[in-house]
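Visitor: As a plain string of letters, each chain reads:
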Amino acid sequence: MESTSSVAIDAGSTAWMLVSSALVLLMVPGLALFYGGMVRRKNILSTMMHSFVAMAVIGVQWISIGYCLAFGSSWHGVVGFDPSLVALQGVDHLKTYGDKRIPELVFIMFQGKFAIITPALISGALAERLRLRSYLVFIALWATVVYAPLAHWVWAADGWLFKLGVLDFAGGTVVHIAAGVSALVLALLLGPRRELRGRAAAVLLPNNLPLTLTGAGLLWFGWFGFNAGSAVAVETPVAGAVAGLAFATTQAAAAAAALSWMLVERWHSGKATTLGIASGIVAGLVAVTPAAGHISPAAALVLGVLSGVVCYGAVQWKHRVGVDDTLDAFAVHGVGGLLGAVLTGVLCVTPVAGLLASGDPTQLGKQLVGVLAAVVWSGLGTFALGKLVDKLWGLRVSDQQERDGLDISTHGERGYHLEQA
Amino acid sequence: MESTSSVAIDAGSTAWMLVSSALVLLMVPGLALFYGGMVRRKNILSTMMHSFVAMAVIGVQWISIGYCLAFGSSWHGVVGFDPSLVALQGVDHLKTYGDKRIPELVFIMFQGKFAIITPALISGALAERLRLRSYLVFIALWATVVYAPLAHWVWAADGWLFKLGVLDFAGGTVVHIAAGVSALVLALLLGPRRELRGRAAAVLLPNNLPLTLTGAGLLWFGWFGFNAGSAVAVETPVAGAVAGLAFATTQAAAAAAALSWMLVERWHSGKATTLGIASGIVAGLVAVTPAAGHISPAAALVLGVLSGVVCYGAVQWKHRVGVDDTLDAFAVHGVGGLLGAVLTGVLCVTPVAGLLASGDPTQLGKQLVGVLAAVVWSGLGTFALGKLVDKLWGLRVSDQQERDGLDISTHGERGYHLEQA
Amino acid sequence: MESTSSVAIDAGSTAWMLVSSALVLLMVPGLALFYGGMVRRKNILSTMMHSFVAMAVIGVQWISIGYCLAFGSSWHGVVGFDPSLVALQGVDHLKTYGDKRIPELVFIMFQGKFAIITPALISGALAERLRLRSYLVFIALWATVVYAPLAHWVWAADGWLFKLGVLDFAGGTVVHIAAGVSALVLALLLGPRRELRGRAAAVLLPNNLPLTLTGAGLLWFGWFGFNAGSAVAVETPVAGAVAGLAFATTQAAAAAAALSWMLVERWHSGKATTLGIASGIVAGLVAVTPAAGHISPAAALVLGVLSGVVCYGAVQWKHRVGVDDTLDAFAVHGVGGLLGAVLTGVLCVTPVAGLLASGDPTQLGKQLVGVLAAVVWSGLGTFALGKLVDKLWGLRVSDQQERDGLDISTHGERGYHLEQA
Amino acid sequence: MKLIVAIVRPERLDAVQEELQRVLDEEDRYRLTVDSVEGHGAQAGEVELFRGRAIRPRLVPRTRITIAVNDSYVDRTIDAIVRGARTEGAAGAVGDGKIFVQPLEEVVRIRTGERGERAI
Amino acid sequence: MKLIVAIVRPERLDAVQEELQRVLDEEDRYRLTVDSVEGHGAQAGEVELFRGRAIRPRLVPRTRITIAVNDSYVDRTIDAIVRGARTEGAAGAVGDGKIFVQPLEEVVRIRTGERGERAI
Amino acid sequence: MKLIVAIVRPERLDAVQEELQRVLDEEDRYRLTVDSVEGHGAQAGEVELFRGRAIRPRLVPRTRITIAVNDSYVDRTIDAIVRGARTEGAAGAVGDGKIFVQPLEEVVRIRTGERGERAI
Ligand SMILES: Nc1ncnc2c1ncn2[C@@H]1O[C@H](COP(=O)(O)OP(=O)(O)O)[C@@H](O)[C@H]1O
Ligand SMILES: Nc1ncnc2c1ncn2[C@@H]1O[C@H](COP(=O)(O)OP(=O)(O)O)[C@@H](O)[C@H]1O
Ligand SMILES: Nc1ncnc2c1ncn2[C@@H]1O[C@H](COP(=O)(O)OP(=O)(O)O)[C@@H](O)[C@H]1O
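Chains as they are written, first to last, in the numbering used here: chain A, 45 to 465; chain B, 45 to 465; chain C, 45 to 465; chain D, 159 to 278; chain E, 159 to 278; chain F, 159 to 278.
Keep in mind that the hints are not guaranteed to be accurate.
Said to hold, decoys possible - The calculated DSS-like cross-link candidates involving lysine-lysine, where the alpha carbons are at most 27 Å apart (straight line), are:
1) B:Lys207 / B:Lys139
2) E:Lys160 / D:Lys160
3) D:Lys160 / F:Lys160
4) C:Lys139 / C:Lys207
5) A:Lys431 / A:Lys207
6) C:Lys207 / C:Lys410
7) A:Lys207 / A:Lys139
8) B:Lys410 / B:Lys207
9) F:Lys160 / E:Lys160
Said to hold, decoys possible - Covered stretches of chain D (in silico footprint by chain F; criterion: 3 or more residues with CB under 8 Å from a CB of chain F, positions within the stretch not fixed):
10) 190 to 200
11) 262 to 271
Keep in mind the hints are simulated off the structure, nothing from the lab.
Only a predicted model underlies this, so the values are computations on that prediction, with no experimental measurement involved.
We put the CB at the ideal spot given by N, CA and C, even for glycine.
Isolated chain A (complex conformation) (with noise of 0.2 Å):
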């Protein structure tokens, strides 16, 4: 067999990266359930669409120039480009990914699911009042000119971030942090929903919490793709020591999230509900992302529990300001991102040891850095691009169509017809 790369494929590796791939694909038909659940009944199906939609667009993108932007030479650790990556016409089916020994075109549609997934991310924040056309055309903009560099910068190997050491696992940074802040971006450009414009306790209730749950239960189920499978970055064979050790740490920060949040919403609030159980696993998810290969699992229990407890606060903070955030992108993957992003660098054991094994802050003024820098940048390119889209089409429905909901407004469909016969 003639071979165009210098390291045999290893079938264990790619069979474990394929696996990976497909789980955290099957995260975002699981996001659109748990966002889906959640919003009034009118929304359900165009906030699933976000979802859907991020599969199609950022589907074609980055096979088309996505990947080549993040991955590709690096121009001064900045961003990436190849001619040979557009299209992936030069990427020939039995190249192996650098020393990596799986297929290119593996570890390609491995990272083109992180791509997909974080503006479906964002769209949490942006629920029941968002223009189709304008998301459309925002999150191919995102993905090319915020999200592209920003993955580069922090998981190629001539990436600044990464040159500088930051650690991210599996994209607290890129995918959580930029995610939660483009959110909270803008949600306040979009404004509240006309509901919530100055009325106090208006009655919003979730269309279906049994959905919801569903999502949750496919997300925990394809985060260990997403986390497991970004042993990738550290370890050949993939599918090794770190892959499981990546794979506790998530169990574990998942369970004690949950737990925490459940707990903290008792105490807060009277009683313990299904969303906050699920809310909690997310919660505790997004904080290990950056984490997941680089902590021992009791310090995932430890970094679970801060999760939920922490993440619940910012949901009851964002609650006082009163920002529309819909389903809280912000305050549970921006603030649990950098929560773990900033974490990383105090509990981490290998392959460096952080602050709290060895006394020395340096990898937590790294992970410092990493967090500033992705804040700033999703921060400004999101209100740019934002703008820019606005001033377009207008990122919002008419008012008439968020009154009578998006789902028969913009793609002329009901969610459900339970009416007899």
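Starting from the structure of chain A, add chains B, C, D, E and F with the ligands where the hints point.
Guide: Then chains B, C, D, E and F with the ligands, alone, in the frame of chain A:
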């Protein structure tokens, strides 16, 4: 370890094939959701039941006799048989499949899932009026008499289409064309639902589109096993370069088709629907199935775009001619499968170069032979079996049962009890 | 690479075990859907919550102490302990599990998912009236005091049942018999729901059968990890012949049981229901669990057929005696587990020959010992813990809360808000 | 003015609407209001099964049609409903439903504020 | 003839039906129509939580029972509903509901075309 | 006593409730009953799409508000509903709905057994 096989089992390959088999099984409940969400409330259970019954009936049939007929020693390239394969009595679990480094049982399982989903796909054309008993007997017969030989022709080493050099990477011909054509034939035999008899625009609206979207998500996820697992036929170990290629083209085509269906629908009907994007996903997945391991990701983008447009057109054609293929099994699976099988001959680059790469129409010719064989065989076979079963018990429920809904009349159940208390 | 373990990690094996662990986790949301769809609308969330809480509570418990008790150094074959395993402090991520070529952390995760799902299975018997706080404390205690020792007996190398030679491939005894018997004991302690007190035929209809079917689909999918992943105990590398065998028998038994439940129900009640086919699937999966890697696919067909019939009968028996096991945790998991564990002694062919193959009843005798031990231990343990928790806070919600539904009274939530707007 | 309330089988709604359209107005501008109800009457609900146990619901799904009409329209409205709601091809079957007629004192068209017979 | 409309707690429907059965007919052939409504009254809806935020719905789920009866049955029907709908073991609680009685001018049995008291 | 039944657009329910609250009672103790209905009238339903095929439902979703009031409250109740239900910022649009007034002979408060005007 004593071994009855000539080659050692490879854990990586086996892991991937185990996963792929599980993924293809998951497509069946995925299909149940996809279809079930689209029918009217009173038929959701009976529609889902079609997929579940296929898991039960063909699950048993495949182990008992189906595999034996499809992959037993060939009788003139037409059908297989091996006494030792009846009920898999002679398949020691240590035996590997030919020179593949996976246990034969795993290969049998993987193939069995294809045999299950194919009749389940057909059922989409028959929803809301098909008699359960007739369906049950029909699919048992169909899997034995129509599917098993067809699989033998295309995929067995001595099958006549295989020897001819027809390419069908993961079942565009065997699964989708066969299912689509059979669906059309049965839809014609059954006749339209009572509301569509003579009335221009009956109001038949989907009961639960979020379930349909969930189903589309699970199908996409599972399809990675379907297509990338099919690399088992061409590479050892599996989970190598071809699996990676098939994974990438699957992703590319699904995303591109989702996008193109959405755009063409927006242009044609004025709105982009969520059912549209879900349908586009499936159309793209279908079209890339025969081509998955043979074309480049960029070609898969093209194939995807075409399949979204062509299948959308086929649905409109159906509306016009008035065949009541309830859920468009023909327009999506039949037409998508045809398109993919033919374009494989145009776009393929590995292991043979198709029309585009080489200017040589030979492979295209072979593909046309394969397509023709599948259309004729499944069309005639289905017609004969459909007539037979219709004679015996009638294919269709009574008018009264159809009116009341199949859920209550056939199953004594209702999909939802959502009234208060 | 420095390594604290004697053998090298095998990527293929590790990939399969990572996948299997993820699959078993997915079974928990799958179970939540399966159970949640069957209860009344007013209790869907609380019923799903039982599974989600198990992920949170046992997720933390297993890492903290559960694994240590189940797989630590054996104290007379009765229970394990190892200071270094408390909170997994001493488990370096590079360490492999014994002579298995997978990281110990991965083995721990895989086992942990079994510890999570077992109490979740129990909850089916208690739905619609169980107090959340009591459930939470009960399962934490039960997993520690009942489950961990039982797992030690059966699966630890020094466990007394393991040393005796009792076969329990994937948990027929540890998981299903223990869960089923405990479910029965708690159902008796709790007493029947208010509508069933003294009234012959109260109308308690499932709120959402499509969710139940979805759950059954996810359970089947996940069960491949449950059973074929359990090959880790008997082969190195994993993902080899025994995994393949377990996969095949799992598929065979599930399909056969679905078919036999459907047919016996059709014969007995006049109609084949979709809940029936879903229940048959689960019954078959349960019954094959202890036998999966020990019997042939043909024998699995037989076992499947029997389990469908026997579990259907057990449900009818329950209806007659009037125990209010809400969702038949005993009739399906208890009885199915018993049937499977006993028939393993009859049908097994590898690594020992059972009654049928050898005429020797020795293995059957061992199986009976194992079954008896599990029944007695889980029955007594559950009775004691159930009484204790009942003393402390009461197992049951107030009559008023039960009437209003647990969703609103315990969680302050309603499953659906589907009214207009 | 009268308020006519009919309880019919859900699957007869289409037929009733067609009959009403014929009687009340040529141009599909007849007015009515529909909701889903459950009824208990001579006809028993269809048995449902739950794991082999037969459950006969006390209530059967029905559709309620409410129409406000001027007095001169009462009879032809009732006749149209009866025609549409009787079970196909039959002399009627148990469960075909009932029609109730109630007095109606005032009607207001919200859009214009019109009242009385013109507003109906 | 009168039309009796009662708004009761959903969970009392069973009890009301049992009382009605006792009063109206021995053989379970009493007739009524039921639908789900939401009410606003003295009783507030139960608080629902959404991520720590308490939401008090303006409307509470209720069940509406509609029964057409001949005049001589009015009182015992009302009494039966009251008995069934009052909160268990109590002298009644806020939110137990209301009964409304309206005049009914005509009844038609669709199946037979019968009218008036015999059709009810 | 009268029974006032209004059919309004679902999205106007909140506004109607606010107007009623202002008129009927300061302390949010006004009483009403709400349910979901579907209507057919001058306004056509919004087109829905199914794989490129346009389907115009015969019925449009509406909300029905039922209020029992004493005679002296009838007019201000009607006015409040009209104010709340008319389409925002407009002189009303097709589909804004109707109000029906029916006689009401008796009211019973289930909790106390009170009857008549005090029970309303
Ligand atoms: N007296 C009544 N009061 C309220 N609803 C009634 C009454 N009579 C009939 N109905 C409604 O009409 C439906 C059909 O009535 P049914 O008794 O089956 O008709 P029939 O009198 O033709 O046998 C019932 O299910 C119920 O909803
Ligand atoms: N005047 C009324 N008009 C319409 N519905 C009413 C009226 N009074 C009561 N209801 C209905 O009855 C339900 C119970 O009324 P509520 O005020 O709680 O009873 P009580 O008078 O015993 O306190 C309300 O939720 C509402 O649906
Ligand atoms: N005569 C009537 N009988 C029953 N329902 C009516 C009647 N008139 C109006 N409605 C209800 O009110 C809704 C609004 O009526 P519509 O005809 O659109 O109002 P408008 O008269 O302002 O054009 C309708 O959808 C229907 O539900």
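Visitor: With reference to the structure, classify each hint as holding or not holding.
Guide: Cross-check of the supplied hints:
no. : hint                : in the structure
1   : B:Lys207 / B:Lys139 : holds (25 Å)
2   : E:Lys160 / D:Lys160 : holds (15 Å)
3   : D:Lys160 / F:Lys160 : holds (15 Å)
4   : C:Lys139 / C:Lys207 : holds (25 Å)
5   : A:Lys431 / A:Lys207 : violated (33 Å)
6   : C:Lys207 / C:Lys410 : holds (11 Å)
7   : A:Lys207 / A:Lys139 : holds (25 Å)
8   : B:Lys410 / B:Lys207 : holds (11 Å)
9   : F:Lys160 / E:Lys160 : holds (15 Å)
10  : 190 to 200          : holds (count 4)
11  : 262 to 271          : holds (count 10)
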